[in-house]
Amino acid sequence: MKVRRLMAALMMCASLVMVTHGTASAAKAVKTVTIATDATWPPMEMVDAGKNIVGFDIDYMNAVAKEAGFKIVYKNTAWDGIFAGLASGNYDAIVSSVTITDERKKQYDFSDPYINIGQILVVPKTQKNVKSLADLKGRKVGAQIGTTGAFEVKKVAGVELKTYDEVGLAFEDMAAGRIFGVVCDEPTAAHYALQKQEYKAKFMIVGKTFTQESYGVCVQKGNKELTELFNKGIKAVKAKKIDEKLRKKWLR
Amino acid sequence: MRLPAVPCRDKMKEENSKQPSLDVGDGAAIPTRSDRGLFTAWRIAFFGAIATLIYLAATRPDPYLNILKFIPDGILVTFKVTIGSILLALVIGLFTGLGRVARNKFINGAASLYVEVIRGIPLLVQLFYIYYALGRIIHVPDILSAIIAMAVCYGAYMGEIVRAGIQSIPNGQIEAALSLGMNRRQTMIHVVLPQAVKVILPPFGNEFIALLKDSSLVSILAVADLLRRGREFASESFTYFETYTVIALVYLIITLFFSKIIGIMEERASVNR
Numbered sequence: 019m020k021v022r023r024l025m026a027a028l029m030m031c032a033s034l035v036m037v038t039h040g041t042a043s044a045a046k047a048v049k050t051v052t053i054a055t056d057a058t059w060p061p062m063e064m065v066d067a068g069k070n071i072v073g074f075d076i077d078y079m080n081a082v083a084k085e086a087g088f089k090i091v092y093k094n095t096a097w098d099g100i101f102a103g104l105a106s107g108n109y110d111a112i113v114s115s116v117t118i119t120d121e122r123k124k125q126y127d128f129s130d131p132y133i134n135i136g137q138i139l140v141v142p143k144t145q146k147n148v149k150s151l152a153d154l155k156g157r158k159v160g161a162q163i164g165t166t167g168a169f170e171v172k173k174v175a176g177v178e179l180k181t182y183d184e185v186g187l188a189f190e191d192m193a194a195g196r197i198f199g200v201v202c203d204e205p206t207a208a209h210y211a212l213q214k215q216e217y218k219a220k221f222m223i224v225g226k227t228f229t230q231e232s233y234g235v236c237v238q239k240g241n242k243e244l245t246e247l248f249n250k251g252i253k254a255v256k257a258k259k260i261d262e263k264l265r266k267k268w269l270r
Numbered sequence: 006m007r008l009p010a011v012p013c014r015d016k017m018k019e020e021n022s023k024q025p026s027l028d029v030g031d032g033a034a035i036p037t038r039s040d041r042g043l044f045t046a047w048r049i050a051f052f053g054a055i056a057t058l059i060y061l062a063a064t065r066p067d068p069y070l071n072i073l074k075f076i077p078d079g080i081l082v083t084f085k086v087t088i089g090s091i092l093l094a095l096v097i098g099l100f101t102g103l104g105r106v107a108r109n110k111f112i113n114g115a116a117s118l119y120v121e122v123i124r125g126i127p128l129l130v131q132l133f134y135i136y137y138a139l140g141r142i143i144h145v146p147d148i149l150s151a152i153i154a155m156a157v158c159y160g161a162y163m164g165e166i167v168r169a170g171i172q173s174i175p176n177g178q179i180e181a182a183l184s185l186g187m188n189r190r191q192t193m194i195h196v197v198l199p200q201a202v203k204v205i206l207p208p209f210g211n212e213f214i215a216l217l218k219d220s221s222l223v224s225i226l227a228v229a230d231l232l233r234r235g236r237e238f239a240s241e242s243f244t245y246f247e248t249y250t251v252i253a254l255v256y257l258i259i260t261l262f263f264s265k266i267i268g269i270m271e272e273r274a275s276v277n278r
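Here the protein sequences line up with chains A and B, keeping their order. Those letters in the first sequence? Residues 19 to 270, per the numbering used here, in order. Those letters in the second sequence? Residues 6 to 278, per the numbering used here, in order.
Incorrect hints may appear among the rest.
Straight-line distance between alpha carbons at most 30 Å, and here's what the computed DSS-like set of lysine-lysine pairs gives [what the hints assert, rightly or not]:
#: 1; chain 1: A; residue 1: Lys173; chain 2: B; residue 2: Lys85
#: 2; chain 1: B; residue 1: Lys85; chain 2: A; residue 2: Lys158
#: 3; chain 1: B; residue 1: Lys74; chain 2: A; residue 2: Lys155
#: 4; chain 1: A; residue 1: Lys256; chain 2: A; residue 2: Lys124
#: 5; chain 1: A; residue 1: Lys218; chain 2: A; residue 2: Lys267
#: 6; chain 1: B; residue 1: Lys74; chain 2: B; residue 2: Lys265
#: 7; chain 1: A; residue 1: Lys158; chain 2: B; residue 2: Lys218
#: 8; chain 1: A; residue 1: Lys173; chain 2: B; residue 2: Lys74
Calculated from the structure, these hints are not laboratory results. Computed from a prediction, not measured in an experiment: that's the story for all the values here.
The shape of chain B in the complex, shown without the other chains:
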């Protein structure tokens, strides 16, 4: 499931005493404060993966060390694509989310249509479509086209998270702001959005991890990311099993690393509440 289960407004009123939170389980399980054991799944997976990689590279440098030497620029491209698309998706998502709650029928309709169309098409198909469609219209470098394609897709999902976050803010807050003499725009900027950010943060982190993993799809667009580099190595040396073992482990390490960072960030954010 990509979309967070969003408490609807009526339910919100009932549970007004509780802080709203959006729970999605798309990333890796991160040890929480209550789960202080040394052997959590996260620790075993993370350190296990690193240890396995080091062991393989040390005991069988050919091909494992050669693979590791071949892929670093691919990791860099994976990061570039991920970070570029998450930032662009955030911008698109913010506008889409605002559009989805807008009163203006045209803006609301346009944002809803965008979300509906994008969510109805598989990411892989979209990537192909946007990449080669963009090529016909404007000349942009390949990595930028990949970023745009990923961002257009993830923007729709991000938009739904922003909308859910905005709608999770109790109506009383808006009424209070309006009664203080703020207009709707001021209410949104100074009252609703700052509170929504905290609610949006956890699912945003999840989207980041999901996007990091999905960025492997851009390898079909001939973007030289981590997976592509691995495939290039395997296609020349015929070491398919060995190469994909390394690629899988590297992805696992990166994903777990970022899951942990996001987990820490979420913990900090919830302390401030």
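One chain only, chain A, in its complex shape:
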């Protein structure tokens, strides 16, 4: 018992020292920002064979962190509930291909946009005469839950939206013939429909992107310090044209 008490006391002392030390040197020391990302959204963020989180967003944010002078710890988080986790303070920011929307802006703050993308429709190759979402009336179309893709499908009257936890499951369900379309961000659509060996022969992309959206870093409402930090880094990355290099590396 005594030993245990001593240990506990020692640990408390140690943590106290760490806390005081931490606050005293926070201004000088490198700031660490915890970022949540749903690494099921290739090629923007995904888990590679070595279990590392990689992708365009990840490289981009690493460059931002380098320019603005802070450190990043990534936290792989399921998309459904990723905003709730930010609200309850489980992490400092979300970088997970988050489109800046008015609804989200009401609840959270965003950095400046760091890339512009759009939604696009992917259908099985057998659906030759589908030209847009409206042609899929009376059919089921899939999207990841809580994404702008899902919101777009919902807008089209007569098309039945089916939401998935991960976009990969939606594509698998389309391969199984349960749904007749998937709407997601254009880079991700391209990854599944053009690059994946098992889907290449089965799917095709319909036309061009039909929305204009921008990704931003999502932070808690009122966290000006962090927004400015990210904005500073994003500005520098754009000025140095690092983003164009990353585009070539990760996107078509």
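Start from chain A and add chain B according to the hints.
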């Protein structure tokens, strides 16, 4: 614990005078006849949940009333999945249970293997596996695949209940039937199974309630059930706390309602004994 504590045969002989019964406590506590107080846990929970829902919807229509308006089709899907899978599981369970007591080595082995494999894999993993495996083999609608996946899992548990029920019938009954000139098949159909049904009924009711609750797992398969509808609402409005409060209360009301019905059915069945 999912499986009922089954009195084994030897013990049965000792307690032959007593009616065999299988007791499982998986569902909600239902007030029995002896427990006639007004404030039983069941009543407090059931009416409390309804009152809370009404209060929330009346005082804060945004978002509570909006949530309630959004989920009814999800409740319908939850019922569809639950009832569909319990019926299919019953059929699978009946055959599995009979297989488990069969003398034919091949049939017995196959039924035992099925039970062993299914009970060794978590339901969530099975759902994923069967849903996406089925997709590769045959084209069936999503709700049907979810029902099949749930039924394949619950069929194994149901099979064990059927087996336990059959084995709880005293040997003397079988011997008597055989000595009257019935063959084994007739004995099973006319003597053993009718008696086993009464023993099986209470744990069957429990399985139904358990399945109703577990049906929320099909929401991961993109089946638009009650939980999925709630998640869709929350993901768009960011009202996570409010939405899951409603979802939990609705599940509670449904579960308690069916517990009560099953409790009444069991009471009726035991009166007939």
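Taking the hints in turn, this is what the structure says about them:
Between lysine 173(A) and lysine 85(B), the direct Cα distance comes to roughly 27 Å. Compliance with the 30 Å bound is thereby established for this hinted pair. Between lysine 85(B) and lysine 158(A) the alpha-carbon distance is near 19 Å, which keeps this suggested pair within the 30 Å criterion. This hinted pair checks out: lysine 74(B) and lysine 155(A) have alpha carbons roughly 24 Å apart, not beyond 30 Å. Distance hint between lysine 256(A) and lysine 124(A) is fulfilled; the C-alpha atoms sit about 27 Å from each other, no more than 30 Å.
Note on lysine 218(A) and lysine 267(A): the hinted pairing holds, with a Cα-Cα distance of about 20 Å set against a maximum of 30 Å. A threshold of 30 Å between alpha carbons decides the hint, and for lysine 74(B) with lysine 265(B) the separation of about 26 Å falls inside it, so the pair holds. Annotation: proposed proximity of lysine 158(A) to lysine 218(B) holds, straight-line Cα distance about 27 Å (limit 30 Å). Distance check on the hinted pair: lysine 173(A) and lysine 74(B) sit about 18 Å apart at the alpha-carbon level, within 30 Å; holds.
The structure shown violates none of the earlier numbered hints.
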